[in-house]
Amino acid sequence: MSTADEASAVVVTGYAAVHAPALEMLPEAARSRAARSERITQLAFSAVGPALAMAGLATTDGEPRARVGIVVGTAFGCLLTNAAFERRLVQGGAAAASPRLFAATVSNAAAGEVSIVYRMGGPAITLTAGSAAGLVAIGHAIDLLHADQADVLVAGGVDAADTALEEWLAGGGMRSAVPPGEGAAMLVLERATHARARAWPVQTLIHTCRAGFDPDDEAAALAAPSGFAAAGPMAVLAAMARLVPRAQETVTLACPSGHRASVVVERVA
Amino acid sequence: MTGCGVQSPVGLGVSEFWEALVAGKSALRPIAHAWADDLVPNVAAQVPWDDGDDDRAGALALRAADEAIRDAGLAPGRVAAERLGVALGTTLGGMSIFEAWQVAGHAVPGLDHVPYYAPAVRLARRHRVRGPVATPQLACASGTHAVAMAASWIRAGHADVVLAGGTDLLCRFVIAGFNGLRATSDVARPFDARRKGLVLGEGAAVLVVESEAHARARGARVLARVTGVGAAADAVHMTAPDREGAGAARAIRAALAEAGRTPACVDFVSAHGTGTPYNDAMEATALVRVFGPGGVPVNSIKGAVGHTLGAAGALEAVLCVRVIQSGVAPPTAGLDEVDPACAELDLVHGAARCVSAQTVLSTSSGFAGANAAIVLEAP
Chain F
0 MSTADEASAV VVTGYAAVHA PALEMLPEAA RSRAARSERI TQLAFSAVGP ALAMAGLATT
60 DGEPRARVGI VVGTAFGCLL TNAAFERRLV QGGAAAASPR LFAATVSNAA AGEVSIVYRM
120 GGPAITLTAG SAAGLVAIGH AIDLLHADQA DVLVAGGVDA ADTALEEWLA GGGMRSAVPP
180 GEGAAMLVLE RATHARARAW PVQTLIHTCR AGFDPDDEAA ALAAPSGFAA AGPMAVLAAM
240 ARLVPRAQET VTLACPSGHR ASVVVERVA
Chain W
0 MTGCGVQSPV GLGVSEFWEA LVAGKSALRP IAHAWADDLV PNVAAQVPWD DGDDDRAGAL
60 ALRAADEAIR DAGLAPGRVA AERLGVALGT TLGGMSIFEA WQVAGHAVPG LDHVPYYAPA
120 VRLARRHRVR GPVATPQLAC ASGTHAVAMA ASWIRAGHAD VVLAGGTDLL CRFVIAGFNG
180 LRATSDVARP FDARRKGLVL GEGAAVLVVE SEAHARARGA RVLARVTGVG AAADAVHMTA
240 PDREGAGAAR AIRAALAEAG RTPACVDFVS AHGTGTPYND AMEATALVRV FGPGGVPVNS
300 IKGAVGHTLG AAGALEAVLC VRVIQSGVAP PTAGLDEVDP ACAELDLVHG AARCVSAQTV
360 LSTSSGFAGA NAAIVLEAP
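Residue numbers (numbering that gives the first Met the number 0), protein chains in the order written: chain F, 0 to 268; chain W, 0 to 378.
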């Protein structure tokens, strides 16, 4: 890497992935908050906590850190919470609307909860782009780091699944090559210069991340999801584990909704 | 920014929207639908257009985008498909279809429009987009971050042109939810001493955000430049805003820093201004933290169009473009008696005011402590 490349490179200093909530490994502040949260938020905590710990950034005390933030990608977002909230409305009328559930009927609830516990006062962004959302989130985080909008961003994907999701997919006649799954995979990203300044070891950098769209992908229904938003970041973690020093690999993901994304991962040490 | 399109409760199209805002009109009315009969309050701001499309949020976005593309003079094929993107925020997407499915207990038409990313997909398919497509989900700050995301993609070289904005619809789900939080009222009075809560609205706004080089190469008329964006979490509470306004202030300062502007450079602020007691007090604190007492003219349009959630920031971005173009700041509909807690703001109310608007700021805040801000400047 040239000096100029190195200065602009974005590196991975922590990562974690789960296929089910794993709250027991979290610090008490995170565990107690996650235990009261919706399933998608529990999954997010289960990956964000260990990833931040690996990067040496798992603070749960003090004022919000203005230069630390999170970018979350999700295919389904808060759909399960929406279903639970709506069932109460249907059964009990408007008076049965649950304020607690309603507060979680936003897809950025997971990012908000995690920001509160881990004292992250920088950007807290959630986006959807089908099951490509996890990789698109990583790409958006890289752009924000390059634009100096933050020093550290946790980025990745998370989705929760249950029978409500399966019923919705079946009800909509939406075919999916890959069944909907659940899980979370998060990477701690920072500029190489920032990691070096805090003397943190770096093994992997992410060269480029591209998002695209295929308007002709009519083989599937309009918005049929495939897999889940953590799939892309999990593939990045798998590539990181396979790569030998100075080798690189391109991770790509195509969702039947038309969303596309790719990331180039390089092992530097 | 080279084009704007709006579907709002006070007007279909940018001209109607703008003229109504300048005149201080309001579209807040009781909802004339059976589904709202047991909602208390049941006042909202509805877009005066309905073609029966099950996917109302998607349909509103398509109409707003059509106007924006016409406004930008973007004939089909003028942008390489791989260099065209969509960043379209929403908080509800196809929620009315989701409601119908839950009530029916069996499949209903349009379930494939339920996911939050469906309106963006629909817009991308209509315009044969092959560049980046995403749906920002920052709750009520989604529309503002959509513009920021578009600018980010363009600066990073991922696209030359992005259709950016937000869309949301009125439905039982969201009104019952906000009523349950006791956050609603039957009249929206942003920054007023008598304010009791927000009134929901619906609508869509789309802006054509384009690289300066691309706009110049095709001889496009530039309406405004996006010079700074910022986002920040409160990291305090999931539904209540940080009473110190620290998160909102961080987002504003980040946007100003990227624009290379000091607070003194800002000529006008389009505030989030929902009309809830806590939001408006928080926002007043945040704006005074950044700009000082009386530092800049401020307004809110939510007394006119209601709180349009994921569309709000996009509608307010269009407002900011028109403020830059016209040098006029519309009044804050519903504001008669300024709350002493907001008295240090220079609130535009009663009548429109002439402002020398070279640099303007738009701010949004939402559930989960999300804050976003953008700086727009005259071309």
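Note that these hints are calculated values from the structure, not bench results. Being a predicted model, the structure only gives us computed values, none of them experimental. Heads up, some of the hints might be wrong.
What the hints assert, rightly or not - Facing chain F, a subset of chain W residues (Cβ under 7 Å, in silico):
id, residue
1, Pro40
2, Pro135
3, Gly179
4, Thr226
5, Ser325
6, Ala351
7, Val354
8, Ala369
As the list claims (entries may be wrong) - If you want the footprint, here are the derived chain W segments under chain F, 3+ residues with CB under 8 Å:
id, region
9, 153-161
10, 300-314
Ideal Cβ placement from N, Cα and C applies to all residues, glycine included.
Verification of the supplied hints:
Interface hint at proline 40 (chain W): violated, since its Cβ lies 11 Å from the closest Cβ of chain F, which is beyond the 7 Å cut-off. Satisfaction of the interface hint for proline 135 (chain W) is found here, the shortest Cβ-Cβ separation to chain F being roughly 5 Å, below the 7 Å cut-off. Using the Cβ-Cβ criterion of 7 Å, the hint placing glycine 179 (chain W) at the interface with chain F is satisfied: the shortest such distance is roughly 4 Å. A hinted interface residue such as threonine 226 (chain W) counts as satisfied when its beta carbon comes closer than 7 Å to some beta carbon of chain F; here the least separation is about 12 Å, so the hint is violated.
Among the interface hints, the one on serine 325 (chain W) is violated; its C-beta lies about 30 Å from the nearest C-beta in chain F, farther than the 7 Å criterion. Interface restraint check for alanine 351 (chain W): the shortest CB-CB distance to chain F comes to about 34 Å, outside 7 Å, so the restraint is violated. Of the supplied interface hints, the one on valine 354 (chain W) is violated, with its beta-carbon coming no nearer than about 28 Å to a beta-carbon of chain F, more than 7 Å. Look at alanine 369 (chain W): its Cβ gets to within about 6 Å of chain F, closer than 7 Å, so that hint holds up.
Coverage of a stretch by a chain is defined here by at least three residues with a beta carbon nearer than 8 Å to that chain's beta carbons; for the region 153-161 of chain W and chain F the count is 3, and the condition holds. With 0 residues carrying a beta carbon less than 8 Å from a beta carbon of chain F, the region 300-314 of chain W misses the three-residue requirement, and the given coverage is violated.
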